Amino acid sequence: MGVLSARGPEIVLETERLRLRPWRVAEALVHRTLWTERDPRVPAHRRIDADGRPTLEDVEGWIRDGSRAGSLGLLATELKATGEVVGYCGLIDGALGPDEPELAFELLRRTWGAGYATEAAGAVVGWARESGHARLWATVRDWNVASRRVLAKVGLVETARVEPDHVHGDVLFMTRGL
1 MGVLSARGPE
11 IVLETERLRL
21 RPWRVAEALV
31 HRTLWTERDP
41 RVPAHRRIDA
51 DGRPTLEDVE
61 GWIRDGSRAG
71 SLGLLATELK
81 ATGEVVGYCG
91 LIDGALGPDE
101 PELAFELLRR
111 TWGAGYATEA
121 AGAVVGWARE
131 SGHARLWATV
141 RDWNVASRRV
151 LAKVGLVETA
161 RVEPDHVHGD
171 VLFMTRGL
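Residue numbers for the sequence shown, in full-length UniProt numbering: 1 to 178.
Keep in mind that a hint or two might mislead.
Unchecked claim - Across the chosen pairs, the derived CB separations fall in these ranges:
| id | residue 1 | residue 2 | range |
| --- | --- | --- | --- |
| 1 | V12 | E158 | 27 to 35 Å |
| 2 | G83 | V157 | 33 to 41 Å |
| 3 | T82 | G132 | 16 to 24 Å |
| 4 | V171 | A50 | 21 to 29 Å |
| 5 | R149 | A44 | 20 to 28 Å |
| 6 | E16 | W112 | 17 to 25 Å |
| 7 | E37 | G83 | 17 to 25 Å |
| 8 | H166 | G66 | 32 to 40 Å |
| 9 | V12 | H166 | 40 to 48 Å |
| 10 | A26 | D165 | 29 to 37 Å |
| 11 | A160 | A50 | 31 to 39 Å |
| 12 | V145 | R46 | 31 to 39 Å |
| 13 | T159 | D39 | 19 to 27 Å |
Since the hints were made in silico from the structure, they are not lab data.
Predicted model, so just to flag it, every value in this text is computed and none were measured.
From the three backbone atoms N, C-alpha and C, an ideal C-beta is built for every residue, glycine too.
Given these sequences and hints, build the entire structure.
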C-alpha cells in the first residue's frame, strides 16, 4: 500500500493518493483545526482549552522545534493531487515504549469517509514493519467506531486490555504483529 522513500534526513511515505511527510510550519493552521474539530468526549487536555490553547503560535512552535512530534513521528497527510494537508498519521511512543510503537491518525472532518485514514494507516503499518518493529499498537475510545474500523482494516485486533474511563469512554488496546 505504501512506498517508503527517504528524501534526505526525512521520511516520506507515498500511496496512490497520499504523501505522508514531516509537517511544515506554514501548515500549523491545519493541525490546530484538528484540535478544534475533536469530539467533546475527547479528554480536555487534547482539546482547545478555555484560554484558546493551544494557539496557532503554540502549534507553529511545536512544528518548528519538533517538541510534540513524538520520537518516531506523526507525519502530515497530504493529498498528492492537490498538495493539501488534511491531517496526520504516524507512529508515536505508545504505552509499551518505543520498541512497540503506537499507530495514530487524525483527519479533518470534511475528508472523512474517503478512505484516506485507511490508506495512510496502511502505509504507516508498512513503515513500522520495514523499520524492524515486531508489533504495533493503537489505542482508541470505545465510542470511536470509525477509527476502530480503520484499525481493523489495516490488521489490528482488539485485545483484552481495556482502561476504563466512565467520563470519556473506555480506552481499547488493539495490536498487530508485523
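Hint by hint, here is what the structure shows:
Distance hint check for V12 and E158: the Cβ-Cβ separation is about 31 Å, which falls inside the suggested range of 27 to 35 Å. Roughly 35 Å separates the CB atoms of G83 and V157, a value that falls within the hinted 33 to 41 Å. For the pair T82 and G132, the beta carbons lie near 34 Å from each other, so the given range of 16 to 24 Å is not met. A hinted range of 21 to 29 Å holds for the C-beta pair V171 and A50, which are about 25 Å apart.
Between R149 and A44 the beta carbons are some 26 Å apart, a value that agrees with the proposed interval 20 to 28 Å. Checking the proposed 17 to 25 Å range against E16 and W112 shows it holds: the Cβ atoms sit about 19 Å from each other. Separation of E37 from G83 is about 21 Å and conforms to the stated range, judged on CB atoms against 17 to 25 Å. Taking the beta carbon of each, H166 and G66 are about 35 Å apart, inside 32 to 40 Å as hinted.
For the hinted restraint 40 to 48 Å between V12 and H166, the CB-CB distance of approximately 41 Å keeps it satisfied. For A26 and D165, the Cβ-Cβ distance of about 36 Å falls inside the hinted range of 29 to 37 Å, so the restraint holds. A beta carbon spacing of about 37 Å between A160 and A50 agrees with the range 31 to 39 Å that was offered as a hint. At about 19 Å, the beta-carbon gap between V145 and R46 misses the expected band of 31 to 39 Å.
At roughly 23 Å, the beta carbons of T159 and D39 sit within the given window of 19 to 27 Å.
Going down the numbered hints, you'll see the structure goes against 3 and 12, while the others check out.
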